[in-house]
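> Take a look at the letters that make up each chain.
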Amino acid sequence: MVEKQELVRMLIEALSFEEVTVSGRLQAFLREVKGSELDEMARSQIERKFGRMLEETIRHSKMLTEMVKRVMKSEQGEF
Amino acid sequence: MNKASSERLLTLVEEILDQEKRAKELYGEYIRRIEDRSIVEGLKRILNDEEEHIRLASEVLGLIKYGSSYSRLRDGLNGFSEASSILISCDIENYLKVNMIVLKNLVNEKGFKCIYVAVNKPVSSLVEAFKREGIDTDKLSFIECTTVGTETEKRILVKPDNLTDMNMSISRLIEETPGKKIVYLDAVSTLYVFNSGNVVERFTHHLVSSTKLKGTGLILVAINEEIEKRSIAVLTTFCDSKIDV
Numbered sequence: 001m002v003e004k005q006e007l008v009r010m011l012i013e014a015l016s017f018e019e020v021t022v023s024g025r026l027q028a029f030l031r032e033v034k035g036s037e038l039d040e041m042a043r044s045q046i047e048r049k050f051g052r053m054l055e056e057t058i059r060h061s062k063m064l065t066e067m068v069k070r071v072m073k074s075e076q077g078e079f
Numbered sequence: 080m081n082k083a084s085s086e087r088l089l090t091l092v093e094e095i096l097d098q099e100k101r102a103k104e105l106y107g108e109y110i111r112r113i114e115d116r117s118i119v120e121g122l123k124r125i126l127n128d129e130e131e132h133i134r135l136a137s138e139v140l141g142l143i144k145y146g147s148s149y150s151r152l153r154d155g156l157n158g159f160s161e162a163s164s165i166l167i168s169c170d171i172e173n174y175l176k177v178n179m180i181v182l183k184n185l186v187n188e189k190g191f192k193c194i195y196v197a198v199n200k201p202v203s204s205l206v207e208a209f210k211r212e213g214i215d216t217d218k219l220s221f222i223e224c225t226t227v228g229t230e231t232e233k234r235i236l237v238k239p240d241n242l243t244d245m246n247m248s249i250s251r252l253i254e255e256t257p258g259k260k261i262v263y264l265d266a267v268s269t270l271y272v273f274n275s276g277n278v279v280e281r282f283t284h285h286l287v288s289s290t291k292l293k294g295t296g297l298i299l300v301a302i303n304e305e306i307e308k309r310s311i312a313v314l315t316t317f318c319d320s321k322i323d324v
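Top to bottom, those sequences are chains A and B. Each step along the first sequence adds one to the number in this note's numbering, with nothing skipped, and position 10 is 10. All you need for this note's numbering is the position in the second sequence, starting with 1, plus 79.
By construction, these hints were calculated from the structure, which means they are not laboratory data. Using N, Cα and C, we set each Cβ at its ideal position, and we do this for glycine too. Take the hints with a grain of salt, since some may be wrong.
No more than 25 Å apart at the CA atoms, straight line, and that leaves these computed lysine-lysine pairs for BS3-like [said to hold, decoys possible]:
(1) A:49 / B:189
(2) A:49 / B:144
(3) A:49 / B:176
(4) B:259 / B:189
(5) A:69 / B:192
(6) A:49 / B:293
(7) A:62 / A:4
Label pairs and their in silico Cβ distance ranges [said to hold, decoys possible]:
(8) A:66 / B:292: 53 to 63 Å
(9) B:112 / A:28: 53 to 63 Å
(10) A:59 / B:320: 31 to 41 Å
(11) A:48 / B:100: 56 to 66 Å
(12) A:20 / B:120: 23 to 33 Å
Same shape as in the complex, but just chain A (with noise of 0.2 Å):
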């Protein structure tokens, strides 16, 4: 069991961590693929691989922000 404003921290902890530090590797690891001398089939297939998990990694964002608006606007103390 966790009380609300932990666990509010404890979801900012991980949307933060999901927006700004996974996000922003995953996009610079992308720019600099595009920019490599990786053979045409491994760097699509790289393209694929990760534009994936980056377009997974945006919907976790949203995922979490909206789990930080539920818990802020319930009355429960305890979750």
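Use these hints to put chain B onto chain A, whose structure you have.
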């Protein structure tokens, strides 16, 4: 690709892989602490994605390290099971990469024990290279084709022109190795240097049948520069499938 660029990309992917592992730990800890069902369900969905991201980032690491041969091999090994036999045909420049990718996939990831028949290189240098690449060498036992050195519990010596002896040593190690296992013949093409084509092909045919009967997987590596096309065609007909790298 030049070395600096490849190392830069490798560093970035390793960082991303570490982040995904950290994220997995973070969500795992949250799920253990939080009891609210709706929050936990959402976090579990994210955790599943993180596990998939670890797999994707590991594959990308392999692609950068080994190039597109990595994907061809991994795809070819997808359906590999006990009693499968696969011929891998590669150029000499890809030969070491092939060994590393296959052993990482079958030994480290799929948990096969491996009876490694080292025709080309001394076992000591192979073990060193495998350790550097993070391959679990505890799961490997060796048959070394050489005329010098001493045998140990996990290293049997045979002469490359004595295929009867090699066959008996392989059978002995199959019997002594518990659990799911593979025989990895590195490289069947080199046997043609020491034996006539007919002899190698009879030996290989017997090896494919006997490993299948014993529920043991078999990987045969053929280096294109060492073998005639006719022989590759013959070996292909013996095996369940062939991967060209």
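> Each hint needs a verdict: does it hold in this structure or not?
The hints, checked one at a time:
1. A:49 / B:189: Judged against 25 Å, a Cα distance of about 22 Å means the pair holds.
2. A:49 / B:144: Holds, because 16 Å separates the two Cα atoms, which is no more than 25 Å.
3. A:49 / B:176: Roughly 22 Å separates the two Cα atoms, so the pair holds.
4. B:259 / B:189: Given pair residue 259 of chain B, residue 189 of chain B holds - Cα atoms ~10 Å apart, limit 25 Å.
5. A:69 / B:192: Violated - the C-alpha atoms of residue 192 of chain B and residue 69 of chain A are around 51 Å apart, more than 25 Å.
6. A:49 / B:293: violated (38 Å)
7. A:62 / A:4: Judged against 25 Å, a Cα distance of about 20 Å means the pair holds.
8. A:66 / B:292: 53 to 63 Å: Distance hint for residue 66 of chain A, residue 292 of chain B holds at roughly 57 Å.
9. B:112 / A:28: 53 to 63 Å: violated (32 Å)
10. A:59 / B:320: 31 to 41 Å: holds (37 Å)
11. A:48 / B:100: 56 to 66 Å: Given range 56 to 66 Å: violated, Cβ gap about 22 Å.
12. A:20 / B:120: 23 to 33 Å: holds (25 Å)
Hints 5, 6, 9 and 11 from the list above are not met by this structure, while the remaining hints are.
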